[in-house]
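Chains as they are written, first to last, in the numbering used here: chain V, 1 to 346; chain R, 1 to 346; chain Z, 1 to 346.
Worth flagging that the hints you see were computed from the coordinates, not collected in a lab. One should not assume that every hint holds.
Claimed, not checked - Calculated lysine-lysine pairs in the DSS-like style (CA-CA distance at most 30 Å, straight line):
#1 V:K345 / V:K209
#2 Z:K20 / V:K345
#3 R:K40 / Z:K198
As the list claims (entries may be wrong) - Not the full set, but computed from the structure, chain R residues with beta-carbon under 8 Å of chain V:
#4 D220
#5 L224
#6 L330
#7 R333
Unchecked claim - Covered by chain R, per the in silico footprint, the following chain V stretches (three or more residues, Cβ under 8 Å):
#8 77–88
#9 139–149
#10 206–215
#11 330–339
Since the structure is predicted, the reported quantities are computational estimates derived from the model, not experimental observations. Virtual Cβ for every residue (Gly too), placed ideally from N, Cα, C.
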Amino acid sequence: MSRSESPFQLDELASHLGGKVRGDGACLIESLATLEEAKKGQLAFFANARYLNQLKVTQASAVLISPEYADAAPCSVIILDNPYLGFARASHQFDPTPDVCAGIAAGVQVHAMASVSATAQLEANVTVAEGAVIGDHVYVGPNSVIGRNCRLDAGVRINANVTLYDDIKIGENSLIHSGAVIGADGFGFAPNAGKWVKICQLGGVSIGKDVEIGAGTTIDRGALSDTVIEDGVKLDNQIQIAHNVVVGKNSAIAGCTAVAGSTKIGAGCTVAGGVGITGHLNIADGSHITAMSLVSKSVSKPGAYSSGTGLMPSKQWKRSVVRFRQLDDLAKRIKSLEEKIETSKG
Amino acid sequence: MSRSESPFQLDELASHLGGKVRGDGACLIESLATLEEAKKGQLAFFANARYLNQLKVTQASAVLISPEYADAAPCSVIILDNPYLGFARASHQFDPTPDVCAGIAAGVQVHAMASVSATAQLEANVTVAEGAVIGDHVYVGPNSVIGRNCRLDAGVRINANVTLYDDIKIGENSLIHSGAVIGADGFGFAPNAGKWVKICQLGGVSIGKDVEIGAGTTIDRGALSDTVIEDGVKLDNQIQIAHNVVVGKNSAIAGCTAVAGSTKIGAGCTVAGGVGITGHLNIADGSHITAMSLVSKSVSKPGAYSSGTGLMPSKQWKRSVVRFRQLDDLAKRIKSLEEKIETSKG
Amino acid sequence: MSRSESPFQLDELASHLGGKVRGDGACLIESLATLEEAKKGQLAFFANARYLNQLKVTQASAVLISPEYADAAPCSVIILDNPYLGFARASHQFDPTPDVCAGIAAGVQVHAMASVSATAQLEANVTVAEGAVIGDHVYVGPNSVIGRNCRLDAGVRINANVTLYDDIKIGENSLIHSGAVIGADGFGFAPNAGKWVKICQLGGVSIGKDVEIGAGTTIDRGALSDTVIEDGVKLDNQIQIAHNVVVGKNSAIAGCTAVAGSTKIGAGCTVAGGVGITGHLNIADGSHITAMSLVSKSVSKPGAYSSGTGLMPSKQWKRSVVRFRQLDDLAKRIKSLEEKIETSKG
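Excised from the complex, chain V in its bound form (with noise of 0.2 Å):
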């Protein structure tokens, strides 16, 4: 089954996804959409049972579901373990976009000690510096800017405006969106009498295979050695990594994360959005921080952490701010105030 070539048959989608039809194989499926959205013609997913009453009503021409909701679907299923990552795949059949096509574009600016492989494609404006190194089927997009020594190993997709500075170093089917600059000075400065001096970052970035970067993200160039980003993690848009952070294997970091200089985040982490996680820390594989949390200290065991306060109308949150600043006090007064009863009563 090619992708792209929609419509398929149910039993055609099925049979690549693993699972087993109940109803009409026979239908066409043209596209994707939710439960609420679908119409005739289009495959639904069922993976979370608060939406069971989207279930009952979908227009959808097929759901994928698993074995114990089968019965309530109003129409035909794939019956699978995993609806939901049998979502993801089907997503695929459906995408869009255009197979890498082997080529250079106008405007392209190739060095001529740089290597771009026959079954590369750029596209216009994008630049090339010397001694990089552009595999197989790697496609790069509109005025995408490629330093020295860069690799870029197959399947590598660079999307549009992207900048790699030198030494950089993708794995094999990694993706980058627009706008992500990798290799960046580190921030390093020495204090000289009120001015700084600036420390030259003399190290790369390392990406493993597998890795997606968002638009507008930053990744720092290490100041001595590289900064590390482990196979198979996902990194939302707007993050910045600092120089000589590693995120290990299969960590997925949401949107407008922050992480400081020389940070070891371990394997299998979620970080939320908004977290801000200062330099020189350990954050244990397995671990999970929420939304817009401050991580000051290393985190040793594995586990969900939080920071920060929740949600009031600002009139209340005032005063809750105001007694904040009094806590301490006003944690002493109850320990004096447990004396004196105690005393009393004695």
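With chain V fixed as given, assemble chains R and Z onto it according to the hints.
The following block gives chains R and Z in isolation, referenced to the frame of chain V:
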């Protein structure tokens, strides 16, 4: 009165703004300035009683002012009910941005199957992909990239180094600032045996008319249906809008705020800078969220909301932070003291 | 001693750095490394007593070190009063960035009314608009855009994919990283009948000398007068500086911090990452703000300031969040208990 043909006579400006001159209507206004910095030949505005002392000594040739304060000005005035609005309107007269000048610069690449209005202006190195439609009087700044099947309606302005992925629709007179990335993949993955399987993001982005989108702001494409920015919305710099978010009509969001997937922000909201709004929430029309708040539950009633704590000397702050961790215990000890006191009275 | 002509003799480096060799002054140094990772042919530095154990077993050929620790090194040393500063200076000797190489690459568009020094280097696809003045030895990286009437003084370095709007002035030897956007419109609108009327942003941006601006950082143009970044300021990645902000001499701001309109940050301040500073404030010279703090009032006294709460297991955190909402009530109950105890004693 044509834009930018300054100097203007005060009378001329007043008539354009719908105000009434008191003083020298023939005086020439060359530019705008604040009350504090204005000199001869400049027009200032008085919109906040807090600046009354500055008004009294301003060197401006004229001031935009409301009737009740007109007597306090030491110079000519244009009397208006809403001087701040008058100032906003006057600013357009002094805007030096050149008019759109139809034509296609050197290095531009327009796909044979794209359509570009004869009145549009494409600056150097712009690329326009297959199926894109560029409307009348559209401006696209240098090095911007317009993806497949994008539709830019009349009067849209895209500044330099903007990236529009495929399937982005932008309504009349909207303005996109440099470094913005519209339509990168939403952050969607299904977990599978410790790894992440990408969910292809098959929706687009639909942006209304009279929208402004700040520098470095990222708006992800929808997973299945579109991410939606309604008419009149104003987004500041470095905002992150995740897939399938809806931002309602005329809402304004300040810099560095992040909105997670599928959240719906109502109409007429203001969200201050650095706010984080988690996914799948509904924020009521007319809500106002203060700076750096975390919104992790839906807001059903309009009003002002906040979270976080206030600034303190770091040394005292550390003590409050320790006590915050003990808050539940402290509250229970208060309860216990109350019971003991009750008992001892009894 | 010319930059990047390594290896250097240790004697030669010591004399360049103003230090004194103890040990083998003829040994060759090829590169820099940390104490922990250094091997033969590498120079490390010892600047923090915490790493004394690493010093004792380092494999480095030599170490930059202060007099009091020199005896603890197992290798040759360069003795300096400030080894960290020595390291910063040494890093410049090993920086592989090529010198500016005068010339204009293919695809560059320079307006007939712009002025470019014969010693400047413009990389591929750079555009330079009308009235811009590019000084001696300026470097502009691929695909960067220089707006009308910009002025880049001698030695300025603009990396790839930078956007300078019109009227941006940058002082000598300043460095702008990729994805930075300088001079986009400040976020200014007057409300009118539920909609927003744009206030055209008529000021520019004035950046001093020896300034560094990180990747993806945005600095808005002023509404009427300029936004100002003074000499020696260091801004990390993804910082947002709103219109008419002033950042004072030699202040350093870490990643993802946002400063709202018209705020004045004094000289010699340090602001950590993820901080939010609201508009129209004054921050005293020599203030230090810790990570992710919200600054919503002016700071009149230098010192260290913080806000927020510390990281906790999410389950306990939720209980503290509930109690934070009750803080004012809790405080009143303590007060009431104190009065009752007083009374019962009386």
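Proposed interface contact between L224 of chain R and chain V, which counts if any beta carbon pair is under 8 Å: This hint holds: L224 of chain R lies near chain V, its Cβ roughly 5 Å from the closest one there, short of 8 Å.
Restraint status (C-alpha distance of K40 of chain R to K198 of chain Z at most 30 Å): It holds: about 25 Å lies between the C-alpha atoms, which stays within 30 Å.
Cβ contact check, 8 Å cutoff: the region 206–215 of chain V against chain R, three residues minimum: holds (count 4)
Supplied contact hint for D220 of chain R, tested at 8 Å Cβ to chain V: D220 of chain R check passes; min Cβ-Cβ to chain V is 7 Å, inside 8 Å.
Assertion that chain R covers the region 330–339 of chain V - criterion: three or more residues, beta-carbon distance below 8 Å: Three-residue rule met by the region 330–339 of chain V, so holds; n is 5.
Hinted contact L330 of chain R with chain V - closest CB pair below 8 Å: OK, holds: L330 of chain R within 8 Å of chain V, min 6 Å.
Proposed interface contact between R333 of chain R and chain V, which counts if any beta carbon pair is under 8 Å: 5 Å, holds
Restraint check for K345 of chain V with K209 of chain V, where alpha carbons must lie at most 30 Å apart: Roughly 69 Å between the alpha carbons, so the hint for K345 of chain V and K209 of chain V is violated.
Distance restraint between K20 of chain Z and K345 of chain V, which requires alpha-carbon spacing of 30 Å or less: Violated - the C-alpha atoms of K345 of chain V and K20 of chain Z are around 73 Å apart, more than 30 Å.
Claimed coverage, the region 77–88 of chain V by chain R - three or more beta carbons nearer than 8 Å: holds (count 5)
Annotated coverage of the region 139–149 of chain V by chain R, confirmed only when three residues or more have a Cβ within 8 Å: Check passed, 3 qualifying residues.
Violated hints, in rising order: 1 and 2; the structure is consistent with all others.
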